[in-house]
Structure formats: C-alpha cells, structure tokens
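Visitor: The lines below spell out each chain.
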Amino acid sequence: MDEVFKALADPTRRELLDRLFERDGQSLSALEERLPMSRFGVMKHLRVLEEAGLVTTQKRGREKLHFLNPVPIRLIHDRWVGKYAEPWASALSELKRDLEQDEASKEDAR
Amino acid sequence: MNEEQPYTVVGGRGAMTVFEIYIKTTPERLWEAITSEEMRKRYSFGVGTVSDWTEGSEYKAAVPGVVEIAGGRNLEVDPPRRLVQSFTALWSEQVRGEGESRVTWEIEPVGSSCRLRVTHDQLGEDANNELYGGWPMILSGLKTLLETGENLDTPGSLRYSGAAG
Numbered sequence: 029m030d031e032v033f034k035a036l037a038d039p040t041r042r043e044l045l046d047r048l049f050e051r052d053g054q055s056l057s058a059l060e061e062r063l064p065m066s067r068f069g070v071m072k073h074l075r076v077l078e079e080a081g082l083v084t085t086q087k088r089g090r091e092k093l094h095f096l097n098p099v100p101i102r103l104i105h106d107r108w109v110g111k112y113a114e115p116w117a118s119a120l121s122e123l124k125r126d127l128e129q130d131e132a133s134k135e136d137a138r
Numbered sequence: 025m026n027e028e029q030p031y032t033v034v035g036g037r038g039a040m041t042v043f044e045i046y047i048k049t050t051p052e053r054l055w056e057a058i059t060s061e062e063m064r065k066r067y068s069f070g071v072g073t074v075s076d077w078t079e080g081s082e083y084k085a086a087v088p089g090v091v092e093i094a095g096g097r098n099l100e101v102d103p104p105r106r107l108v109q110s111f112t113a114l115w116s117e118q119v120r121g122e123g124e125s126r127v128t129w130e131i132e133p134v135g136s137s138c139r140l141r142v143t144h145d146q147l148g149e150d151a152n153n154e155l156y157g158g159w160p161m162i163l164s165g166l167k168t169l170l171e172t173g174e175n176l177d178t179p180g181s182l183r184y185s186g187a188a189g
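Chain order of the listed sequences is A and B.
Position 69 (the first sequence) corresponds to 97 in the numbering used here; numbering is contiguous.
Position 79 (the second sequence) corresponds to 103 in the numbering used here; numbering is contiguous.
Only chain A is shown next, with the shape it has when bound in the complex:
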C-alpha cells in the first residue's frame, strides 16, 4: 500500500494514469508524446506505477501495451471509504460534478 501512495504522489504519474483512463492499452511511444520529458523519464515513471500494481502490461507483437489497473485503488477505497462513508462520498462527488457541470454550461452560454 505504501507503494500505491508513493506512486500517486507525483503529478506526472497521475497524468499517465489519466491518459490510460482515457484510452487504455497504450505503448510507451504513445504515452511519451506531449510529455515534456525524455523517453527514459517516462519509462522510470511507468516502472514505479507497475511496481505499485497500478499499471499492468501485455505484449502485443513487438510492443508492450500499458493498462490502468484500478484494483489497488479499490482496495484502499474498501479499507477506508467503503464501509462507512460510501453513500456520502458518492453523493458529495456527484454534487461536485453537477455543480461544476452547471458552472461549465453557464460559461459556455456566456
């Protein structure tokens, strides 16, 4: 569990997870695009994510594809959020989403 928190405590690594959430199963080349960082830097971050179990890989041909594995985050959720607060937490995050969407559509209307 330490490894999961350590892996998440970095904006580049969170950005990599965001990209996999958007589009799962990407190669290193696809992931390093638009990141202001060397290929080696991206590899290092991916390795930290892999060691924490947040990213899994599968070979396809000569390429290694990266997949977001949300299971370790689910385990953290089930340990602290699940038992007591899930209805509250989901109601609050829905409220946040609704309000932010309202704001966004107001912005659009302007």
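In case anyone wonders, no lab produced these hints; they're calculated from the structure.
Incorrect hints may have been included.
[Unchecked claim] Chain B regions said to be covered by chain A (calculated; three or more residues, Cβ under 8 Å):
{"hint": "1", "segment": "43 to 49"}
{"hint": "2", "segment": "159 to 169"}
[What the hints assert, rightly or not] Negatives, chain A to chain B, calculated, CB over 10 Å:
{"hint": "3", "residue": "Asp30"}
{"hint": "4", "residue": "Lys34"}
{"hint": "5", "residue": "Arg42"}
{"hint": "6", "residue": "Leu63"}
{"hint": "7", "residue": "Lys72"}
{"hint": "8", "residue": "Glu79"}
{"hint": "9", "residue": "Val99"}
{"hint": "10", "residue": "Asp106"}
{"hint": "11", "residue": "Leu123"}
{"hint": "12", "residue": "Lys124"}
{"hint": "13", "residue": "Arg125"}
{"hint": "14", "residue": "Asp126"}
{"hint": "15", "residue": "Ala132"}
C-beta atoms are modelled at their ideal positions from N, C-alpha and C, and glycine is treated no differently.
Given the structure of chain A, go ahead and fit chain B onto it with the hints provided.
Guide: Leaving out everything else, chain B in the frame of chain A:
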C-alpha cells in the same frame, strides 16, 4: 494524438481491459473460489455462477428467479491456472445489446501468493463501462474472502445476496 497506432485498442477505456490482484492463497484454492457457486456468491454481488467447468460447456451467472447476470461458454479450462470464457452480459437491455466478449482468468503463483489476472477483451468500440466496471469490486471481495474467510461488506458488494431463497 498519434492516429496511426499499430494496434486495435480503441474507444472508452479500450476494447480490452486488464485487472490484476495479488492474493495470499494457493492456485487450487483460488481456482475453487472462481468455480464454486457458493464461494462465487460471496464476492460477486451475491450472484452464483453455475457450470460443470468442462471445456466447451456453458455457464450461467444468475440469481434464480430474480435476475440473470451473464452467460457464455468455457472455451479453455486448465485448472488451476487458466480459464477462458465467452461472456454475454444479461442484466439489462442496454448491456445485452453489447453482444459477446471474452474473459480470461490467469493464475500465477508468486512466492506464497498468487497473481490473478483478469483480461476482459473482444469488447466493442466504446463498450458500455458497466460490462467491465464491476471487476475491481469483485476482485477486492475475492481477496477479502480468501485471506480472511469473510465477506466484503461494502455497499453494493452483496447487492443480490438474500434476494432469492
């Protein structure tokens, strides 16, 4: 974004998703937990899966008389290491429209634990995320059951338990 990526993972989270979990147990106990109707109920929203687990046989996941969840065939059965199943979701009109996909369970011993990898692929483009969205909760409950002998009791994790008989 590079539009010429030489692979076919597209749409939503992708036409293929992979979930991995480490569980402190033996491959045999893990295999049993996947293929036993009673154990399955305890970590799959209360839904049991019934099959004779031979290659080519059918399986059905349901709460009899209440709801049908999924069905398909066992394409490869290699206990206690590998199970490949065709998968058709049945729990709503919407997911039924998604057609057949494939679920592969792979068990790999690692030290005194097992790595379980569930690959859900052959999903359609922009597949409804309900199809694969339940896996993290199911796998978390499976880990809890095998490591502690208890049910995970987060809201939703036992949704259908007690719904029938």
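Visitor: Would you check whether the claim that A:Lys124 is not at the interface survives, using Cβ distances to chain B and the 10 Å cut-off?
Guide: A:Lys124 clear of chain B: closest Cβ-Cβ about 19 Å, beyond 10 Å.
Visitor: Does A:Ala132 sit more than 10 Å from chain B, CB to CB?
Guide: A:Ala132 clear of chain B: closest Cβ-Cβ about 22 Å, beyond 10 Å.
Visitor: Grab the minimum beta-carbon distance between A:Arg125 and chain B and tell me whether it stays above 10 Å.
Guide: holds, 16 Å
Visitor: Would you check chain A against the segment 159 to 169 of chain B, counting CB to CB pairs closer than 8 Å, and say if three or more residues qualify?
Guide: holds (count 7)
Visitor: Would you check whether the claim that A:Leu123 is not at the interface survives, using Cβ distances to chain B and the 10 Å cut-off?
Guide: holds, 18 Å
Visitor: Verify this label for me: A:Lys34 is non-interface relative to chain B, using a Cβ-Cβ cutoff of 10 Å.
Guide: The assertion about A:Lys34 holds, with a minimum of 17 Å to chain B.
Visitor: Could you let me know if the closest chain B CB is still more than 10 Å away from the CB of A:Val99?
Guide: violated, 5 Å
Visitor: Count the residues of the segment 43 to 49 of chain B with a beta-carbon closer than 8 Å to any beta-carbon of chain A: does the count reach three?
Guide: As far as the segment 43 to 49 of chain B goes, the hint holds, because 4 residues have Cβ atoms under 8 Å from chain A.
Visitor: Beyond 10 Å from every Cβ of chain B: is that where the Cβ of A:Arg42 lies?
Guide: About 17 Å separates A:Arg42 from the closest Cβ of chain B, which puts it past 10 Å; holds.
Visitor: Minimum Cβ separation between A:Glu79 and chain B greater than 10 Å?
Guide: holds, 12 Å
Visitor: At 10 Å, judged by beta carbons, does A:Leu63 keep clear of chain B as stated?
Guide: With a cut-off of 10 Å, A:Leu63 remains clear of chain B, as the shortest Cβ separation is near 13 Å.
Visitor: Could you let me know if the closest chain B CB is still more than 10 Å away from the CB of A:Asp106?
Guide: violated, 5 Å
Violated hints, listed in ascending order, are 9, 10; each of the other numbered hints is respected by the structure.
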